[in-house]
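Asker: Given chain B, put chain C in place with the hints provided.
Read off the chains here:
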Amino acid sequence: MQFGLLFGACPYRAALRLGYGEFIALIGILGIIAGVWCALTMIMRSRGEN
Amino acid sequence: MAAGWISKELAVILVPVITLISGFIIGYLAQRTGFCAIGGFRDYFMFRHTRLLLGFISMLCTAFVAFLAFHLLTPGAFEHFPWILSSGILSSMPGAPPDLSTTAYIILALVGGFGIGVIGVYSGGCPLRQFVMASEGNLKSVWFIAGMAVGSVVFYLATTGVVKMILSSLGV
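Heads up: the sequence lines are chains B and C, in that order. Each residue of the first sequence is one higher than the one before, counting from 1 in the numbering used here. Each residue of the second sequence is one higher than the one before, counting from 1 in the numbering used here.
By construction, these hints were calculated from the structure, which means they are not laboratory data. In this text, all values refer to a predicted model and were calculated from it rather than measured experimentally. Idealized CB from N, CA, C, for every residue including glycine. You may find that some hints are simply not true.
Incomplete in silico selection of chain B near chain C, CB under 8 Å [as the list claims (entries may be wrong)]:
hint : residue
1    : Phe3
2    : Ile29
3    : Ala34
This is chain C alone, in the form it adopts within the complex:
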């Protein structure tokens, strides 16, 4: 990524600093606005309130515009920028378990998204909201974050293998 902007030695220092500053700004804004992705859909379905949902949609649009702007400013900063054009319509970015078929990624996206939605509603917010609530002093959210940390370890130790086994037995 970001090839040619700055030297590697400078990037080693600059990237953590910029990440820290961005995290500070995002945390401040999230606390002030009560921003929540799952809360947006929840409020829309329950009360037809669109305040939080508009936040999520504007974040999506801003992400696209920012990617496009950086892509136009520095060609090659994002190697695969319109992912859909460079890598095919149904290929997945790294992040999910690797080396699976397209059908498997669609199933995983549906199941994973469904799970995030259900758990998010029952626990009162998406991960970012949980972090903000934990900082506000909500003990329940601290437990949620602890569970997230343990859950990701368990996922890489056990669940990846189980998921691959189930998918291969289903034949996808």
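If we strip away everything but chain B, and leave its shape as in the complex, we get:
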């Protein structure tokens, strides 16, 4: 969980921080969305090749 500490939050703390009115948390959540999308694309691609 090095990445989580880099950002200083797990998804829940990110949501709470965004609720508290902090903009960095929104960037972090966008990063999470991008990461999920990339991982899914990689998984789909590796399954497609097999």
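Answerer: Chain C in isolation, oriented as in the chain B frame:
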């Protein structure tokens, strides 16, 4: 925080008790609903299912409404409540490595969020989901939790210094 509500001696007893009760309720609800933040985005991208994603969004909205309600009920309970107004638009709350520039925090948020997303998809859930799965008897999640504990120690011993070195060499 929460200045003036209760005395300090009472808070020492009450805060752990309330935390325990909240943890019990959250664990129960998370097990019943299968709540997962990363799972919400994953299900949306894969199947266009919005059930878990709506859970995450409603949690976000509820957090804001609850903060606002407590702020209005007891002014001063949250000293910096609209953080964006009190501390500037791009300042970071404590939690990430301290004393860095704004650009560094944006980079860290992007890299960290990206890493959480990728790891979350490959390990099958966000940290809360891993705890729930471990309690359900999934050994893989127990290893995930152990890795989380070791990882946070390694982070404070080694990674913080390395990250600061990389950032300063990049000039941000």
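Asker: Okay, which hints does this one fail, numbers in order?
Answerer: none
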